[in-house]
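Student: What follows is each chain in one-letter form.
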Amino acid sequence: MVRFPKFYGKKRGHRRTGSALWGSFGEGIFYAMFFVTGIVFGALLLSGVAVPEWRINHEFIISEGVVLEKRLDRRSREDPPGTFTQSWQPQVRLAFDVAGGIRHESWTLLSQSQYLEDENAAQSKLDAFLIGSRLPCWYDPENSDSVVLVRGYHWWMWLLTLLLPGALVILGGSGLVRVVTTLGKSEERRALQRSFPDILEPIEDIDDRSTHYPSVPTCDDLVNSPGTILRYRLPIESRDNWSLTGLGVFAVLWNAVVIVLAINAGFDLASGRSDPILFALLLPFFVIGLFGVVFFLRSFVLATAVGPTHIEISDHPLRPGGTYDVLVSQGGSGTLRSISVQLELEERATYLQGTDVRTEHLVVRSQPLKRWDDVRILPTNRFESTIRIEIPQESMHSFVSEHNSVHWKLVVSGDPERWRPFSRSFSLVVFPDEGKA
Amino acid sequence: MSDPTITVVFDQPSREYAPRMPMSAHYAMTGVIENLRAVEQSVLWYTEGKGEEDLGVHFFQRLAGSELLKTDVSHGVVTVVLPASPLSYEGLIVKIRWCVRVRLFFAGGRDFVSEHVFDVGHVPPARLPGEGRT
Amino acid sequence: MSSRPAEEKVITRLPFNPFATRYIRAGRIEPLNENGVPCNIEEIFERFQSLSRYAAIEGPHGSGKSTLLAAIVEHCKQEKIFTKAFVIRSFGDVLQLIYGTAFASRKAIVCVDGWERVGYFSGVVMAIARFRRCGLLVTSHKTTRLSQLMQCRSNQQILNAVVGCLPSHGGIIQEDDCEDAFRKSSGNLREALLDLYDRFERRIRTAKADA
Chain A
1 MVRFPKFYGK KRGHRRTGSA LWGSFGEGIF YAMFFVTGIV FGALLLSGVA VPEWRINHEF
61 IISEGVVLEK RLDRRSREDP PGTFTQSWQP QVRLAFDVAG GIRHESWTLL SQSQYLEDEN
121 AAQSKLDAFL IGSRLPCWYD PENSDSVVLV RGYHWWMWLL TLLLPGALVI LGGSGLVRVV
181 TTLGKSEERR ALQRSFPDIL EPIEDIDDRS THYPSVPTCD DLVNSPGTIL RYRLPIESRD
241 NWSLTGLGVF AVLWNAVVIV LAINAGFDLA SGRSDPILFA LLLPFFVIGL FGVVFFLRSF
301 VLATAVGPTH IEISDHPLRP GGTYDVLVSQ GGSGTLRSIS VQLELEERAT YLQGTDVRTE
361 HLVVRSQPLK RWDDVRILPT NRFESTIRIE IPQESMHSFV SEHNSVHWKL VVSGDPERWR
421 PFSRSFSLVV FPDEGKA
Chain B
1 MSDPTITVVF DQPSREYAPR MPMSAHYAMT GVIENLRAVE QSVLWYTEGK GEEDLGVHFF
61 QRLAGSELLK TDVSHGVVTV VLPASPLSYE GLIVKIRWCV RVRLFFAGGR DFVSEHVFDV
121 GHVPPARLPG EGRT
Chain C
1 MSSRPAEEKV ITRLPFNPFA TRYIRAGRIE PLNENGVPCN IEEIFERFQS LSRYAAIEGP
61 HGSGKSTLLA AIVEHCKQEK IFTKAFVIRS FGDVLQLIYG TAFASRKAIV CVDGWERVGY
121 FSGVVMAIAR FRRCGLLVTS HKTTRLSQLM QCRSNQQILN AVVGCLPSHG GIIQEDDCED
181 AFRKSSGNLR EALLDLYDRF ERRIRTAKAD A
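Residue numbers (our numbering), protein chains in the order written: chain A, 1 to 437; chain B, 1 to 134; chain C, 1 to 211.
Take the hints with a grain of salt, since some may be wrong.
[Said to hold, decoys possible] Restraint-style ranges between C-beta atoms, simulated for each label pair:
hint, chain 1, residue 1, chain 2, residue 2, range
1, C, Gln-148, A, Phe-295, 54 to 62 Å
2, B, Lys-70, A, Glu-390, 52 to 60 Å
3, A, Gly-173, B, Ser-74, 41 to 49 Å
4, A, Arg-77, C, Gln-49, 24 to 32 Å
5, C, Gln-49, A, Ala-303, 55 to 63 Å
6, A, Val-177, C, Gln-49, 31 to 39 Å
7, A, Gly-173, B, Asp-72, 40 to 48 Å
8, B, Asp-72, A, Leu-46, 57 to 65 Å
9, C, Pro-38, A, Met-157, 24 to 32 Å
10, C, Arg-47, A, Pro-52, 48 to 56 Å
11, B, Arg-110, A, Phe-285, 56 to 64 Å
[As the list claims (entries may be wrong)] Distance condition first, Cα-Cα at most 25 Å in a straight line; then the derived DMTMM-like pairs of lysine to aspartate or glutamate:
hint, chain 1, residue 1, chain 2, residue 2
12, C, Lys-208, B, Glu-16
13, C, Lys-184, B, Glu-16
14, C, Lys-107, C, Glu-43
15, A, Lys-125, A, Asp-220
16, A, Lys-70, B, Glu-34
17, C, Lys-80, B, Asp-54
18, A, Lys-370, A, Glu-402
19, A, Lys-70, B, Glu-16
20, C, Lys-142, C, Glu-79
21, C, Lys-142, A, Asp-356
22, C, Lys-142, C, Glu-175
23, A, Lys-409, A, Asp-373
24, A, Lys-409, B, Asp-54
25, A, Lys-70, A, Glu-119
26, A, Lys-185, C, Glu-43
27, C, Lys-80, B, Glu-34
28, A, Lys-185, A, Glu-119
29, C, Lys-107, C, Glu-79
30, A, Lys-185, B, Glu-16
31, A, Lys-185, B, Glu-40
32, C, Lys-208, A, Glu-402
33, A, Lys-125, A, Glu-64
34, A, Lys-185, B, Glu-53
35, A, Lys-370, A, Asp-325
36, A, Lys-185, A, Glu-402
37, A, Lys-370, A, Glu-390
If you are wondering where the hints come from, they were derived from the structure by calculation, not from laboratory data.
Cβ coordinates follow ideal geometry from the N, Cα and C atoms, glycine included.
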């Protein structure tokens, strides 16, 4: 959720002082506005659109109507000032029997549709109805003047009724709750409140090994895949996979737009018309789409050409001073000029740079563990080797908070003969050393 | 209005504690502490470095209203058993510091905060990239 | 006096880095004029009032626009003038700005950091603000259609003064470093301060290793 920016709490020299109450009051009003608008807007849509449509489908009574008369209702609109546009709506007058066999007459619309700007289209719709013809109609038992020829639901209307006011209510309501729960409270008190949900977690869901270590990431995702030789297989950190997926999605969506434009252009040409703007757009769109596909395919080939890398480890989580066996396994085919494994400690900090959000990564410890040269890999024979790693004594443990984190990882780097070098990371979780200070 | 002065004396003069170890800090206030509406004492960690500041509260106590009148707030003791993590860390772009914070709230919404840092654990400072290679 | 760590007898293995985000973010540093002297916020605010409360703080990246805006917002709060502050980072923020302006009270001042990101909707926000008769104060690194309240510019003197306002660096950062950082960051003070952060970290570690 977008948060209301806080400009107060200014620091002067060695102290920070200020009044947050005034700001929180304004923030409360701000969110209350969203909340109330959502409720009002929702109520209006519900009573004005959704309920009438629901009544037509559930409460209106079917009858047989006879077309007595028909007309085109004209409406003039001045937009822009000085220019008048006309629109038409076809209407018919029906005679139908209501409860008790009483004959009733009323004007009705052919559908719930709006006025049409094309008079011919409106007239052709009207022409489909012949005077004296009989057709089913539905009337309101509470007001017989209200009669319709078509029933059904407009899904977009319901979506609008739920989504727009719902979003406003959620945005306003959650903001209001947050303001009320933090009103006039210090950042320590607010931080304490944020940790309350932890207490509500069911006891059986809590990983006993990690709850003793606040702000240390859990290693649940790292120990749910058993290894073939060693105890656990580590998942790969897949930053590249996400960018590849993003590229693929972009290529598909962009080219879908190009195809739609091309089909339109084709129809135009076939009917002897030509839209210069459409044609001018089509060429650069096509070039970008082509680049998108080529770039995606190239990235895909590069990502999949070198076989998968697997890492297995004898235990997890790790401890400073502990030694562990690690199995390095590389699949695929061909020759690698070299393949190496490193143990890295990386710090990540997210900060605002003006109105941008930036994340800086910095490897503060990089320990080469092993390197193999001229490795031949066959599809039937993976490269496999076991090495021993030691987490240095008095090392920093893994740490994660909202904007800052410290990560341990194993990095496998390879230099294939036929492809560009690759580097694949596998996260580790290191628990704190609880030795004496 | 002049600010009060808050001094904190830790039970370990070195201000170094092992995780899960008890920590006790005695604080004393001097100076203008009139119109005091509330006092908050907390033991917490916060991050410092290039990233936006994060914090985690380990201990929090607020004295306000009648409780404040009954208590002599000019001095007090904060005693906690420290958690196992996070340990104090002197990274290059991420730093973790533990501190005892005393926050005073005055009439009119003005507040004053005093912060006293101590260490948990004994993680040596991160070395410069390249320096750490072995 | 509050006992900030850098001044107290603190047992940490390395000195505190005064260029950490904690100390340099907008709202923590006083806005300074071209001579490195603190700006007179009251005077600036009076000028804003004289511009019918529709104005922009303009200037390149890292020239102190957000810092000045934060100081004005702080001034308004102290004067009990209601403000609504928005930082524009995404389209969602633009929508929130539009709604927020539409429901702003008539005496309020809508403050927008990152006006250039509002794009085509800036006209909509301006129209709503005029209709609601609320003030509009924005920061932008591009020229806007609003009257210019202040053109922020960075220079070496300002950077030196900002460094002087931060907690003590204990002589670890020299004037040459400030000049070098300012040159390397092409006048972007924020980048220059982050550069000084890195220098400080390198220096203290090198000094420790030498010792």
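Student: For B/Arg-110 and A/Phe-285, compare the CB-CB distance with the range 56 to 64 Å and indicate the outcome.
Tutor: holds (59 Å)
Student: Assess, step by step, whether the Cα of A/Lys-409 is no farther than 25 Å from the Cα of B/Asp-54, and give holds or violated.
Tutor: Holds, because 23 Å separates the two Cα atoms, which is no more than 25 Å.
Student: Decide if the proposed pair is consistent with the structure: A/Lys-370 and A/Glu-402, CA atoms, cutoff 25 Å inclusive.
Tutor: Violated: A/Lys-370 and A/Glu-402 sit about 34 Å apart, past 25 Å.
Student: Hey, A/Lys-185 versus A/Glu-119, does the alpha-carbon distance stay inside 25 Å?
Tutor: Judged against 25 Å, a Cα distance of about 64 Å means the pair is violated.
Student: Is the Cα-Cα distance between A/Lys-125 and A/Asp-220 25 Å or less?
Tutor: Outside the cut-off at roughly 64 Å; violated.
Student: Need the status of pair A/Lys-409, A/Asp-373: alpha-carbon distance at most 25 Å?
Tutor: Holds. A/Lys-409 to A/Asp-373 sits at ~22 Å (cutoff 25 Å).
Student: Would the pair A/Lys-370 and A/Glu-390 pass a check requiring their Cα atoms to be no farther apart than 25 Å?
Tutor: holds (13 Å)
Student: Just to be careful, I want the Cα atoms of A/Lys-185 and B/Glu-40 compared with a cutoff of 25 Å; is the pair within it?
Tutor: This hinted pair holds, its Cα atoms lying about 10 Å apart.
Student: Is it true that the CA of C/Lys-208 sits at most 25 Å from the CA of A/Glu-402?
Tutor: Measuring from Cα to Cα gives roughly 31 Å; hence the hint is violated.
Student: Decide if the proposed pair is consistent with the structure: C/Lys-142 and C/Glu-79, CA atoms, cutoff 25 Å inclusive.
Tutor: violated (30 Å)
Student: Tell me if the beta carbons of C/Gln-49 and A/Ala-303 are separated by a distance inside 55 to 63 Å.
Tutor: holds (59 Å)
Student: For the pair we were handed, C/Lys-80 and B/Glu-34, check the Cα-Cα distance against 25 Å.
Tutor: Between C/Lys-80 and B/Glu-34 the Cα gap is close to 24 Å, so the pair holds against 25 Å.
Of the numbered hints listed earlier, those contradicted by the structure are 1, 4, 9, 13, 15, 16, 17, 18, 19, 20, 22, 26, 28, 30 and 32.
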